[in-house]
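Protein chains in written order, with numbering that gives the first Met the number 0: chain A, 0 to 162; chain B, 0 to 132.
To be clear, the hints were calculated from the coordinates, so they are not data collected in a lab.
Some clues are possibly wrong.
To be verified - Rough simulated footprint, nothing fancy, chain B against chain A, three-plus residues with beta-carbon under 8 Å:
hint : region
1    : 79-87
2    : 96-104
3    : 117-131
4    : 139-147
Glycine included, each C-beta is placed from N, C-alpha and C at the ideal position.
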Amino acid sequence: MTLNKLALNVAGGVAYPGHRHFTQRLLSRRGFLEKTGLTAAALAAAGLLPEVARSGTISSTASAAHGHNSTTTATPLPIPGGLQLLGPSGPLFHVFLPASGAEPSTITNFNGFIGWAAVGGKGTHTVSGQAPEHLPFEADVRFMRGEFVGADGRNHHGAFAFI
Amino acid sequence: MQIHDFNPGITESGLFWTIPISESTISVNFAAGKASFQASDVDVEDYHDVVNALMDGPEVDAEVSWDIRWSHPMGRTKLRDLKNGFAGDFVQNVAQIAWAGQTDTATFVSDPAETSVNEFSLLAHERNGVFFS
């Protein structure tokens, strides 16, 4: 299945409020890597996002704490709306694609901040025992942080990642 | 040809590719239209491609790390969507990402964040469900 084929299914199957451009480009989201035969570059395994690794250490420490630096254990509920990404006879997926006016959140009963990043780029892909390749990616990553009513019917405060 | 699709899966309730994460991974200055989101070694699955992911097909264990920055606000709008039941304040801006993902047999490391290309990015303060009125 190619991205174009999938985009065709979406565009023909559901009432998508955004631009088809976004459907084509961004349904692929994070990790859509397309082999293009671009020049490979060496991968330094020890150099994987060192600044992220540092923040992860901080996050891990914070996760053990209470209050607004903790990771919630409450389960949120999905938004009721969404898209039939596999076509009109397919299931409803509780998510909207990046577009002006589309709902960013994937959880309902939510009141808080959201960051939405639909971004493309390139990077180095390495399969064990093979030469690295320089390949394109597309990512759709979001955060949701604030108050929400969980599946337990109670109010909670927490953060979520849409990856 | 897509060769990786990293996501945490869909829960039985229908929660779509969404997992809890430490609040400390997120920093928001909504007034300035800026934010950051950083996380490391988050457990996900690699479904190979998005259709297989949507169909909950075979996957392998994977980890991803990311560092995303939002900046350069370009405009603010208020939105109230009665059909979908949400409202909020929205700031369209620019996001840049550096990220890495790995499975037992493959790694991917993006080029530096400043080389990434913004497609659609925003910050929002949203209310939905019981908070929508």
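Evaluation of the provided hints:
1. 79-87: As far as the region 79-87 of chain A goes, the hint holds, because 5 residues have Cβ atoms under 8 Å from chain B.
2. 96-104: holds (count 7)
3. 117-131: holds (count 11)
4. 139-147: With 5 residues closer than 8 Å to chain B, the region 139-147 of chain A meets the three-residue bar; holds.
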